[in-house]
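Trainee: Start from the sequences, fold in the hints, and give me the full structure.
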Amino acid sequence: ETGVTQTPRHLVMGMTNKKSLKCEQHLGHNAMYWYKQSAKKPLELMFVYNFKEQTENNSVPSRFSPECPNSSHLFLHLHTLQPEDSALYLCASSQLGMNTEAFFGQGTRLTVV
Amino acid sequence: KNEVEQSPQNLTAQEGEFITINCSYSVGISALHWLQQHPGGGIVSLFMLSSGKKKHGRLIATINIQEKHSSLHITASHPRDSAVYICALEGAGGTSYGKLTFGQGTILTVHP
Chain V
259 ETGVTQTPRH
269 LVMGMTNKKS
279 LKCEQHLGHN
289 AMYWYKQSAK
299 KPLELMFVYN
309 FKEQTENNSV
319 PSRFSPECPN
329 SSHLFLHLHT
339 LQPEDSALYL
349 CASSQLGMNT
359 EAFFGQGTRL
369 TVV
Chain B
230 KNEVEQSPQN
240 LTAQEGEFIT
250 INCSYSVGIS
260 ALHWLQQHPG
270 GGIVSLFMLS
280 SGKKKHGRLI
290 ATINIQEKHS
300 SLHITASHPR
310 DSAVYICALE
320 GAGGTSYGKL
330 TFGQGTILTV
340 HP
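Sequence lines, in order, name chains V and B.
Note that the working numbering has the first sequence beginning at 259, numbered continuously upward.
Note that the working numbering has the second sequence beginning at 230, numbered continuously upward.
Hints listed in this document are in silico derivations from the structure and should not be mistaken for laboratory results.
Ideal Cβ positions, reconstructed from N, Cα and C, are used throughout, including at glycine.
No incorrect hints appear here.
Partial list, computed: chain V residues near chain B (C-beta under 8 angstroms):
id : residue
1  : Thr260
2  : Ala289
3  : Pro300
4  : Leu301
5  : Val306
6  : Glu314
7  : Leu346
8  : Leu348
9  : Ser352
10 : Glu359
11 : Ala360
12 : Gly365
13 : Arg367
Computed far set for chain V versus chain B, every beta-carbon distance over 12 angstroms:
id : residue
14 : Asn275
15 : Lys276
16 : Ser278
17 : Gly286
18 : Ser323
19 : Glu325
20 : His331
21 : His335
22 : Pro341
Mentor: Right, here's the structure in full:
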């Protein structure tokens, strides 16, 4: 248990569906992140939220839409995805300015059919 | 050339062996992270280094800032150490803090 909880753990969705991934951190951190891990590729940063403000959008397609309503919750809204978007989506949190490590959730394994 | 390169990509060892995984990078950083990923996908942070050496149990991590190189050592390896070990760079300056750039990972298998 890392203090970062992601739901669901597994998700299968069609290309016309709309779904959301949820991440919650119980660590009091001020920054939250979405990462994508595709098969046989390194993890890639998608979005960064610092004090609920988005500070990074790493050229992510608009079919991925993040939302950070407060410093403890982070969502990734998905719509009209493509099969190549199938991947492991990982959420992480950290305390910026305190030189501390990042804590990761267990990830959501997404399959787009 | 990638900003961060790990070697080896795959490593097989017998239980009890001393293991070393290397990470070389080419950019300025504020810190280097070593992470462990088990087959289920979850990632655990092992170390965060900005200089010198750290030790947790059987794990030791070192970093040489001048040479832009870090190593992760596992002493007396055990089958439960089997996992993917990932080196990640944390950017330096301004809005780069907290953002990680990842190596491709080293797949470690320890046989009984």
